Every structure is written in C-alpha cells, then in structure tokens.
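Asks: The listed protein sequences correspond, in order, to chains A and B. If you read the first sequence in full-length UniProt numbering, its first letter stands for residue 1, the second for the next number, and so on. If you read the second sequence in full-length UniProt numbering, its first letter stands for residue 1, the second for the next number, and so on.
Hints were generated in silico from the structure; no laboratory data involved. Computed from a predicted model, the values in this text were never measured in an experiment. Treat the hints with care, as some may be off.
[Unchecked claim] Far from chain A, by Cβ distances over 10 angstroms, these chain B residues were calculated:
{"hint": "1", "residue": "G119"}
{"hint": "2", "residue": "K181"}
{"hint": "3", "residue": "G229"}
{"hint": "4", "residue": "L270"}
{"hint": "5", "residue": "F277"}
[Stated by the list, open to error] The following label-pair restraints were derived from C-beta to C-beta distances:
{"hint": "6", "chain 1": "A", "residue 1": "L455", "chain 2": "B", "residue 2": "M1", "range": "56 to 62 angstroms"}
{"hint": "7", "chain 1": "B", "residue 1": "I62", "chain 2": "A", "residue 2": "F275", "range": "39 to 45 angstroms"}
{"hint": "8", "chain 1": "A", "residue 1": "G149", "chain 2": "B", "residue 2": "T2", "range": "38 to 44 angstroms"}
[Said to hold, decoys possible] Listed below are several chain B residues computed to face chain A (Cβ distance under 10 angstroms; list not exhaustive):
{"hint": "9", "residue": "F31"}
{"hint": "10", "residue": "V147"}
{"hint": "11", "residue": "A148"}
{"hint": "12", "residue": "S150"}
{"hint": "13", "residue": "A151"}
{"hint": "14", "residue": "T153"}
{"hint": "15", "residue": "Q154"}
{"hint": "16", "residue": "A214"}
{"hint": "17", "residue": "L267"}
{"hint": "18", "residue": "V268"}
By construction, the Cβ of each residue, glycine as well, lies at the ideal position given by its N, Cα and C atoms.
This is what each chain is made of:
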Amino acid sequence: MLTVWAGLRKLPSWAFPVAFAALLLAVPLFDVGYEATRYIELSLILALVVSGLNISLGYSGQLAIGQAAMYAAGAYTAGMLSTAGHTDLGLHIVAGGLAALVVGIVTGIPGLRLGSWSLAMTSFFLVLLVPDVVDIFEEKTGGHLGLSGMLGPTLFGYVLKPADMYLAIVVVAAVWFAVFRNVVVSRHGIAFQVLKQSPVLASSLGMSVYRTKLTGYAIGAVPAGFAGALLANLDLYLSPEIFGFHLATGALAASILGGSVSIYGAIFGAGIVQFNNDQSSEFAQYSLIFFGAFLLIGGVLLRGGVAGVMRNAVRRLDRAAGIGAAVVPAQATDSATAMRPISGGMLEVGKLSKAFGGNQALRDVSLRAEPGKITALIGPNGSGKTTLLNLVCGFYRRDSGSITVAGASIATASSDRIARLGIARTFQTPLIPPGITVREVVISGRYTADRAGFLSAVLRSPHFRRVRERDLQRATEILRLTGLIHLADSEAVALPLGMRRMLEVARALIREPKVLLLDEAASGLDENEVRTLASVVRQIRDAGCTVVLVEHNFDLVLALADRIVVLARGGVLAEGTPAEIEANVRVRDEYLGVVEEKDRQVSS
Amino acid sequence: MTLIYAGLSLGAVYALVAVGYNIVFIASHSFNFAQAQLMMVGAFVAYLGYVTLKLPTVIVIIMAMTAVMLVAAFEERIAVRPVADHQTQLITTLGFGTVLTGLVQVIWGTQPLQVPFAGGDEVLTFLGGRMFPDELALVVFAVALVVAISAYTQRRLNGLALVAMSQDEEAATLRGVSVRKLTFAAFAVTGLLSGVMGVLIGPKTYAVATLGAALALKGFVALAIGGFGSMYGGLIGGFAVGLVEQHVARYFGSGFSNLSVFAILLLVLLIRPTGLFGRVQERTV
Chain A
1 MLTVWAGLRK LPSWAFPVAF AALLLAVPLF DVGYEATRYI ELSLILALVV SGLNISLGYS
61 GQLAIGQAAM YAAGAYTAGM LSTAGHTDLG LHIVAGGLAA LVVGIVTGIP GLRLGSWSLA
121 MTSFFLVLLV PDVVDIFEEK TGGHLGLSGM LGPTLFGYVL KPADMYLAIV VVAAVWFAVF
181 RNVVVSRHGI AFQVLKQSPV LASSLGMSVY RTKLTGYAIG AVPAGFAGAL LANLDLYLSP
241 EIFGFHLATG ALAASILGGS VSIYGAIFGA GIVQFNNDQS SEFAQYSLIF FGAFLLIGGV
301 LLRGGVAGVM RNAVRRLDRA AGIGAAVVPA QATDSATAMR PISGGMLEVG KLSKAFGGNQ
361 ALRDVSLRAE PGKITALIGP NGSGKTTLLN LVCGFYRRDS GSITVAGASI ATASSDRIAR
421 LGIARTFQTP LIPPGITVRE VVISGRYTAD RAGFLSAVLR SPHFRRVRER DLQRATEILR
481 LTGLIHLADS EAVALPLGMR RMLEVARALI REPKVLLLDE AASGLDENEV RTLASVVRQI
541 RDAGCTVVLV EHNFDLVLAL ADRIVVLARG GVLAEGTPAE IEANVRVRDE YLGVVEEKDR
601 QVSS
Chain B
1 MTLIYAGLSL GAVYALVAVG YNIVFIASHS FNFAQAQLMM VGAFVAYLGY VTLKLPTVIV
61 IIMAMTAVML VAAFEERIAV RPVADHQTQL ITTLGFGTVL TGLVQVIWGT QPLQVPFAGG
121 DEVLTFLGGR MFPDELALVV FAVALVVAIS AYTQRRLNGL ALVAMSQDEE AATLRGVSVR
181 KLTFAAFAVT GLLSGVMGVL IGPKTYAVAT LGAALALKGF VALAIGGFGS MYGGLIGGFA
241 VGLVEQHVAR YFGSGFSNLS VFAILLLVLL IRPTGLFGRV QERTV
C-alpha cells in the first residue's frame with residue numbers, strides 16, 4: 001500500500017490536475033446525459049468564481065464577498081456584446097475578464113483602505129447594486145425581466161454547439177487553474193502570505209501593502225469575469241436574480257469549505273455547493289441553511305477546509321512511507337562560505353523628536369551609523385530605542401528632525417519605500433508567516449530587490465526563471481552562512497525562537513541592505529546561539545554593511561559594537577567606544593545602575 | 001417635511017443596526033455580521049406574536065426579547081467564542097446570519113409579512129409633514145437608546161470595563177475584567193435590544209427574509225459615517241443615510257437610492273476613513 005503511495009508521490013505534482021482535466025474532457029464520450037453534463041459545467045463556472053475568492057481571501061487575506069458582482073459584470077458584458085452581434089467566445093471571455101477587473105479595481109481602491117470589514121462591506125454592497133444597475137441600463141440589459149435575444153456563441157467564425165460549449169468551459173477552467181497555480185507557487189504567492197501575516201513585515205520588506213492587496217483583489221476578479229462570459233454563452237439568457245446574495249454566500253461557502261488557501265479546493269467546494277443548488281427544488285430551499293452551516297463549520301472546525309485536511313493526510317502518508325525524511329545533520333555556521341561584499345550606506349539621524357500625546361518619546365536625538373561598523377543603541381526600557389527604529393523605518397511620522405540614508409533624505413517616504421532605499425530590519429518578536437518553508441521565508445526578502453512581474457510568473461518566462469534561479473542560489477548561500485541550510489525545507493514557524501531570530505537576520509541579509517537594523521536580536525537566545533549570532537553579525541559588518549544593534553545584553557554589546565550610543569529618557573546620554581562607555585559614570589548610574597538595583601530587589 | 005420624516009424613520013432603522021454593531025464592537029472588537037438578521041428574527045417573532053398568536057404588546061415584546069437574546073447568546077457560543085481572530089469571526093457570523101435567513105425562509109416563506117404597530121396606524125400631522133406613529137416611535141427609540149447607552153458606558157463600572165476591554169484586551173484581563181463574560185454579555189444584551197428593535201422595525205420594513213442583507217449594509221454605512229465605536233456617530237450616520245436615500249429616491253428614482261448610499265460609503269472611506277467621530281491610531285510594531 002505504502003509503496004503504491006511512494007510511487008504516486010514520485011509523479012510531478014501537476015500530473016493529478018492534468019489527469020483530472022483530461023478526464024473531464026473525456027466525459028462526453030461516455031454519454032452521461034444532460035443533467036450530469038450541466039452539473040459539471042455549472043460547477044466549473046462556479047469554481048472559477050471561487051478561485052478568485054481564494055486569491056483575494058485565502059492568499060491575500062482580504063474578505064471580499066463581491067465576486068457575484070464581478071461575475072455579473074462579466075456576464076452582462078458578454079450578453080450585451082452578443083445582442084450587439086459580436087458572438088466570438090474568445091472576445092467575450094477577454095472582455096468579461098476585463099470588465100470584472102475594472103469593477104474589482106474601482107471598488108477595491110476605497111474598500112482596501114480600511115481593511116477587513118470595509119472591504120467585506122463595500123464588496124457585499126456591490127451585490128445589492130447589481131439589480132439596480134441592471135435596471136438603470138434597462139434598454140441594453142433587459143432590466144429585471146432579464147436579457148434575452150443573445151446569439152449562439154462562435155469561435156473564429158465556427159458556430160459552437162452545446163457539446164462544444166462543454167469543451168470550451170473545461171478548457172477555460174483548466175487554463176485558468178494552471179495560471180492560478182503558477183502565480184500561487186511563485187514568489188508572488190509567498191508575498192501574499194507575508195502580507196496576510198503582517199502588513200508591517202510586508203512593508204519592511206519593501207512591498208507596498210496597499211498595492212499588493214489591490215493586486216490580489218483585482219486578480220481575483222478576473223476569473224469571475226471569465227465565468228460570467230461562459231455562463232452567458234451557456235444559457236443565452238441573463239437575469240439579475242442569478243447574481244444575488246444567494247450566489248455570493250454560496251461562493252464564499254464553497255471557498256471556505258474547499259479551503260481558501262488552496263488551488264484545487266475551489267473545484268471541490270464548488271462541486272458541493274452546486275450540488276446543493278441544483279437538486280430538486282425541495283432540497284434547494286434549504287440551501288441557504290447549508291451555506292451558512294458550511295461557513296460556520298469551515299470557520300470553526302475545519303481551518304483550511306477540505307484542502308487542509310488532505311494536506312495533513314498527505315503529510316502523514318509521506319511520513320509513513322518515509323518520503324522526505326532524509327535527515328541532514330545539523331551543522332554550525334559554514335565560515336568557508338564568504339559573505340558577498342555589501343555596499344553599506346551611512347545612516348544619519350539629526351535632531352529627531354517624537355511625542356506620543358504628552359509623552360516626549362524622543363527629544364533632539366542625533367546619531368550616525370557608519371558603513372562597515374556596528375553601532376549599538378542601548379538604554380533602559382522606555383528610553384526611546386524602538387521608537388527611534390520605527391521612525392527610521394517609517395512606521396511612525398517624526399515631529400521634527402532629519403533622517404538620511406547614504407546621503408539621501410527619507411523625507412516623508414512610506415515604510416515600504418524606505419525599505420527599498422536599502423534599510424532592512426528584524427523584529428523583537430520574529431514575524432514569520434505560517435505555512436511556508438525556511439527557504440521561502442528567506443526568498444521573500446528578495447521580492448522587491450529583484451522583480452519579476454505576475455505575467456512572467458504566469459508564463460514562466462525566461463526572465464522569471466532567471467530571477468527564480470537567483471532567488472534559490474542566494475537563499476542557499478545565506479542559509480549556509482547563517483547555519484540554517486539543513487532546515488531549508490522545514491516549516492519556518494515551527495522553528496525554535498533562536499532559529500527564527502537567525503532566520504529573520506537571513507531574510508534581512510538577502511536583500512544586501514545598506515543599513516541593517518537588529519531589534520533585540522539576541523534576547524531569549526542561549527549562549528551558543530548568541531555566539532553564532534555575534535559571528536554572523538561580525539561577518540555582515542566586515543562585508544561593508546552598516547549595522548545598527550538595539551540590544552539589552554550589555555556584554556554582547558561591549559564585545560560586538562564599534563560604537564555605542566546610550567539613550568535615556570528620550571535623549572542621547574552618552575556616545576563612544578565600548579571602552580569609553582564602560583567607564584562612563586553616568587551610564588553606570590542610568591543604565592547599569594538600574595539593572596543592579598533590580599538585581600538587588602530580586603535577591604533580597 | 002413628510003420626506004424628511006420618512007428619511008429620519010428609515011435612518012432610525014439603520015441607526016439601530018449600527019447600535020447593535022457598536023455594542024459588540026466596543027465589547028470585543030469583533031464585527032457581528034448577523035446583527036441585522038437578529039433584528040429580522042425579532043420582526044418575525046413580532047409577527048408570530050401579533051398576527052398568529054394574537055398576543056398583547058407587552059407579551060410580544062418580552063417574547064421577542066427573550067427569543068432573540070437566546071439566538072444571540074447561541075451565536076456567541078458557536079460562532080464567536082471558538083474563533084480566535086476577527087477575520088474568521090466575520091465569516092462565522094456571516095454564516096450564522098445566513099443560517100438564520102435560511103431558517104426564516106423555510107418557516108415563513110419569502111413573501112413580506114406585515115407586522116402591526118401597537119400605537120395604531122393613524123397618520124400624524126406635525127410641522128406640515130405627515131408620519132405614521134410607528135415611524136415616530138422608531139426615531140424616538142433610536143435617539144433614546146443611544147443617549148441611554150452613552151450615559152451607561154460613561155457612568156457605570158461595567159460600561160467602563162467594556163471600553164477598557166476594547167482598548168486593550170490583555171490589560172483589561174489583568175485588571176480582573178473577564179473578557180469572555182463581557183463578550184457573552186454584550187451579545188446577550190444586543191440580542192435583547194435587537195428583539196425590541198425587531199418589534200419596532202417590523203411595521204416599517206415588514207418581516208421579510210431578505211431584510212437582513214440590505215439592513216446589514218446600510219447599517220454599516222451608518223457606522224462608517226459615524227466612526228466605529230461611536231454611538232452618537234452611528235445615530236447621525238443612520239439619519240444621514242435615511243435622508244439621502246429618501247431624497248434620491250424621490251427626485252431621481254428608486255433605482256438610484258442604493259447607488260447613492262454606496263457613493264456616500266465610498267466617499268467616506270476615501271476622505272475620512274475613520275468616520276466623522278472616529279479617532280486615528282498610530283500603528284505600532
């Protein structure tokens with residue numbers, strides 16, 4: 001049994017969907033009858049709509065329920081083209097996709113500004129508007145009576161018979177799912193997951209949060225448009241009632257049930273929901289109850305939907321069959337791998353001030369961090385270290401003062417722009433998206449440094465392949481350097497804290513930043529891990545990068561830093577070499593004194 | 001004037017939805033997608049009490065309050081408590097609302113049912129405009145409810161605890177506030193209120209299964225205009241939506257009323273995403 005499984009797993013992962021598509025194409029040969037054919041057709045059309053939901057909800061984390069409206073946009077575009085005498089199915093599909101894309105972009109722009117509920121509501125609102133808009137353009141759309149009088153579809157002049165329509169639907173669905181898969185498994189899929197986990201992380205990697213969200217949402221609209229065009233040509237009749245809340249909740253239920261973060265879950269979910277829709281009318285009146293129940297069950301019990309369950313089953317069978325268990329022994333940092341030189345840039349902060357309400361967090365702080373040097377920033381809790389870091393990264397707006405990187409002022413640039421100027425950082429609490437491997441986490445650091453667009457990802461263009469080649473190669477180098485290479489294919493969130501911190505360093509480093517900000521990178525690490533971290537940080541400095549270290553571990557700072565800046569109560573208390581700082585009386589009082597007093601309290 | 005009264009009473013319905021959203025939002029920072037459906041259930045219970053069972057008003061109101069409170073409490077237990085993150089709560093509460101819509105459709109069908117109003121249906125004339133008694137009651141109830149809730153949250157310890165919790169759940173827990181209990185209580189109270197709301201809106205909107213979706217959206221627009229968590233904001237937002245909708249329907253045709261509300265929503269989100277009474281929060285790492 002397990003050997004059969006092992007054999008199956010040797011096949012490339014795309015073999016199964018291809019086989020499924022071939023099976024669907026072959027269905028007419030078996031003469032299954034009208035009802036079964038129609039069920040498959042409608043399920044596939046619904047699956048297209050659902051796959052769009054998966055992109056926006058599952059992958060980019062935006063709850064958008066307006067897919068029904070984009071579906072309507074595609075359908076009515078095709079319907080109006082047809083009544084106007086343009087019957088080419090290819091034209092309809094392209095026009096339908098474009099119409100849906102426009103609706104997606106126009107409604108996504110305001111809805112995405114506020115995030116979760118706003119988008120949910122603006123997109124839900126679209127569904128309410130469908131009948132109104134259709135009524136307003138009654139002459140062209142037929143109003144609430146429906147649009148009839150469509151001509152039969154053609155393709156390059158050839159008239160498509162019902163049997164041909166079946167093939168057309170299967171082919172469009174198959175092509176779309178191939179496109180969908182290519183986007184999702186590429187670096188764009190990883191980027192979406194990064195964004196979903198944490199917008200802060202995404203922007204600190206240089207991704208524009210808003211644009212990435214909008215892209216996900218807009219791409220999700222396209223297949224709904226295709227589906228609409230197909231539906232219009234299948235039925236040659238449209239009515240606004242088709243595109244109501246029933247469809248909207250049904251599509252959402254299918255997405256949740258099949259698994260939003262999955263590719264083929266959409267087909268499964270759509271199949272189930274269509275089955276509920278399609279049965280004798282007696283069953284159909286309970287369909288809303290079923291949809292609601294799917295949403296509840298999917299949200300509460302089945303996180304990840306059926307696709308999630310399948311994935312776990314595959315993993316378990318793999319383990320039983322001993323696949324992918326080749327254990328590479330852990331190895332220390334591979335110092336033989338030389339670090340590539342990094343052209344660092346001077347970070348200059350001049351007279352920086354920031355107040356939160358009445359609390360003056362920073363007052364006229366100036367400092368310089370030079371390339372090829374480690375500048376440590378120390379100070380008691382609340383002295384303004386993290387505030388300073390967040391100002392440099394653009395997460396806060398400064399009240400006054402200047403920040404320049406390699407001579408260029410960051411002015412009021414957004415955080416993602418600042419990141420693209422060459423500032424990389426790690427976080428006090430490591431931000432690692434769930435569900436992706438260590439290697440993918442590292443590669444996500446290169447998303448904006450080395451671009452490859454969506455289209456090239458879809459087509460797997462030579463450019464895309466070259467970028468991917470570089471991604472993999474650089475990731476391997478960096479992982480070797482940070483001693484994580486033996487974990488490259490493990491799930492990243494499952495790593496212990498020390499390794500997640502190192503992974504964050506690796507992700508920041510792969511961008512070859514001018515300035516690297518390490519926010520308490522050593523806290524919570526054991527002695528060995530601290531030693532490894534110190535050696536990696538030294539290598540980064542020697543490669544030429546400007547390193548800024550925010551740290552509580554005074555011994556580590558003394559051992560590592562070239563220059564130390566001490567903050568206290570929002571101002572610079574002292575600045576100098578480690579030896580100077582160690583000897584500074586005020587620093588002892590302010591900083592170390594506090595520590596000693598705490599120790600005394602604890603021991604007494 | 002009649003047009004303004006119609007707008008205000010319709011706006012009161014939306015304001016009530018917004019109040020329901022707000023109570024849950026203030027208590028738990030989650031968004032109860034099923035709020036409008038709770039009110040819809042209240043309206044159907046009112047129909048059941050008045051028309052089917054021919055009960056007196058007091059009993060009908062108590063019946064609606066109890067029934068909807070139980071439904072809301074059940075919702076908290078199965079759709080909110082087991083789900084940690086707010087994004088998923090959107091999906092599960094939407095699911096719960098969909099189940100309610102589906103059940104109501106199966107039980108009462110899809111035709112709108114007229115719910116009578118206890119105060120009669122003789123037209124009142126006031127300041128040169130005419131309105132029905134139930135419309136007047138809606139406006140008065142919405143205003144009174146908002147004033148009462150605002151006073152409560154500012155004066156009473158429980159109210160303050162609610163606000164504290166919405167600000168920082170962890171800090172509130174450390175102060176001895178039981179977040180769980182409060183969330184549950186918020187849903188139960190919302191349910192009680194939604195029961196009364198259902199009895200009141202029934203005469204105006206009729207009891208109909210499709211009520212949920214439209215009310216949910218318009219109530220949300222009221223909330224977006226007023227700012228999340230702001231009771232007075234929701235009230236003003238509700239009235240604004242009602243007035244615009246009625247005027248647009250009157251002068252441009254009813255096909256444009258939803259569109260106009262949508263346009264307002266887009267404008268608010270683009271120009272002032274925090275709403276008129278909302279506050280901006282700086283993001284933190």
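Asks: It remains to establish, for every hint, whether it holds in the given structure.
Replies: Hints, verified against the model:
For G119 (chain B), the condition that its CB be more than 10 angstroms from all CB atoms of chain A holds, with the nearest at approximately 31 angstroms. In this structure K181 (chain B) is separated from chain A by more than 10 angstroms, as the shortest Cβ-Cβ distance comes to about 21 angstroms. G229 (chain B), annotated as away from the interface, keeps every beta carbon of chain A farther than 10 angstroms; the closest lies near 13 angstroms. A beta-carbon of chain A is positioned within 10 angstroms of the beta-carbon of L270 (chain B); the least distance is around 5 angstroms.
Consistency note on F277 (chain B): stated as away from chain A, and its beta-carbon is indeed over 10 angstroms from all of that chain's, at 15 angstroms minimum. Checked against the hint of 56 to 62 angstroms, the C-beta distance between L455 (chain A) and M1 (chain B) comes to roughly 59 angstroms, which is consistent with it. Our hint of 39 to 45 angstroms for I62 (chain B) and F275 (chain A) holds, since their Cβ atoms are close to 42 angstroms apart. Against the hinted window of 38 to 44 angstroms, the Cβ-Cβ separation of G149 (chain A) and T2 (chain B) comes to about 42 angstroms, which satisfies the hint.
A hinted interface residue such as F31 (chain B) counts as satisfied when its beta carbon comes closer than 10 angstroms to some beta carbon of chain A; here the least separation is about 5 angstroms, so the hint holds. Proximity of V147 (chain B) to chain A is violated relative to the hint, the smallest CB-CB distance being about 26 angstroms (cut-off 10 angstroms). Using the Cβ-Cβ criterion of 10 angstroms, the hint placing A148 (chain B) at the interface with chain A is not satisfied: the shortest such distance is roughly 26 angstroms. Taking 10 angstroms as the C-beta cut-off, the interface hint given for S150 (chain B) is violated, the closest approach to chain A being about 23 angstroms.
A hinted interface residue such as A151 (chain B) counts as satisfied when its beta carbon comes closer than 10 angstroms to some beta carbon of chain A; here the least separation is about 27 angstroms, so the hint is violated. For T153 (chain B), the shortest C-beta to C-beta distance to chain A is roughly 22 angstroms, which exceeds 10 angstroms, and the interface hint is violated. The beta carbon of Q154 (chain B) is not positioned within 10 angstroms of any beta carbon in chain A (closest approach about 21 angstroms), and the interface hint is therefore violated. Hint status for A214 (chain B) relative to chain A: holds, with the closest Cβ pair at about 6 angstroms, below 10 angstroms.
Proximity of L267 (chain B) to chain A holds as hinted, the smallest CB-CB distance being about 8 angstroms (cut-off 10 angstroms). Against a cut-off of 10 angstroms between C-beta atoms, the interface hint on V268 (chain B) holds, since the closest Cβ of chain A lies about 9 angstroms away.
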